[in-house]
Amino acid sequence: SMLTLLGMAAISFHFYDTLPPTIATKFDFSGEPTQYSSKEFVVIFLPMVFAGLIVLINALVKISPHKFSMPNSKKTMDTIVFGTGLLLLGIHIGMVTDPGGQVTFAKYFSWGMALFLIVVGNVFGKTERNFFMGIRVPWTLSTEANWKATHRFAGKLMVTFGVLLMAVTFFYSTVGFAVAFILLPTLVPVYYSYRYYKLYEKGKEPIEA
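Heads up: the sequence shown is residues -6 to 202, going by this note's numbering.
Treat the hints with care, as some may be off.
Label-pair distances were calculated between CB atoms; the ranges are [stated by the list, open to error]:
1) E137 with T90: 21 to 27 Å
2) G169 with F38: 32 to 38 Å
3) L49 with T136: 24 to 30 Å
4) T90 with Q28: 14 to 20 Å
Read the hints as simulated data drawn from the structure, not as lab findings. Yeah, the Cβ is synthetic: ideal placement off N, Cα and C, and Gly gets one too.
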């Protein structure tokens, strides 16, 4: 995570003198810029967001109630934070290398999203129950078995959609298209969790993750 943060800082430093006074920072789903900010804001904003996220996640882990303390998830949490950093890095690179937001931002955003899905998906099934991260719906929180099965299933979906998004981005990319690729791996596991709960309550064999 620290290497990703340093990479973001290095990119800001390298491109700072070549940046125009204002940079596109908000985009519609087609990737067209709708808002601009000063370059001073852009070069420090996402690095600061990621630094704050690192501090926040570590603090939340430390203050977690005992049954949500995730004693065996340190490496998993570090990987999830790292994956989030890759997403932010993709956005950061897109903004500073394409300050007008007309050419490459959507590609970097999509690649960042793809890396996020692949990296996080690979460890998502190992996440222990907690009070601030994951698919926290009544059914996953009801039993450890439901939590594990749902997150294993979600992790597989994330990796699959991440690989697909990575490949498709070489030929086509928009912000909305990339966002769509994270919706299914997020929403489908909620239904999976409900189905698992219903089958478990009826005494049937749980569906496989």
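Here is what the structure says about each hint:
| no. | hint | result |
| --- | --- | --- |
| 1 | E137 with T90: 21 to 27 Å | violated (45 Å) |
| 2 | G169 with F38: 32 to 38 Å | violated (22 Å) |
| 3 | L49 with T136: 24 to 30 Å | holds (28 Å) |
| 4 | T90 with Q28: 14 to 20 Å | holds (18 Å) |
Hint compliance for this structure: hints 1 and 2 are broken, all remaining hints hold.
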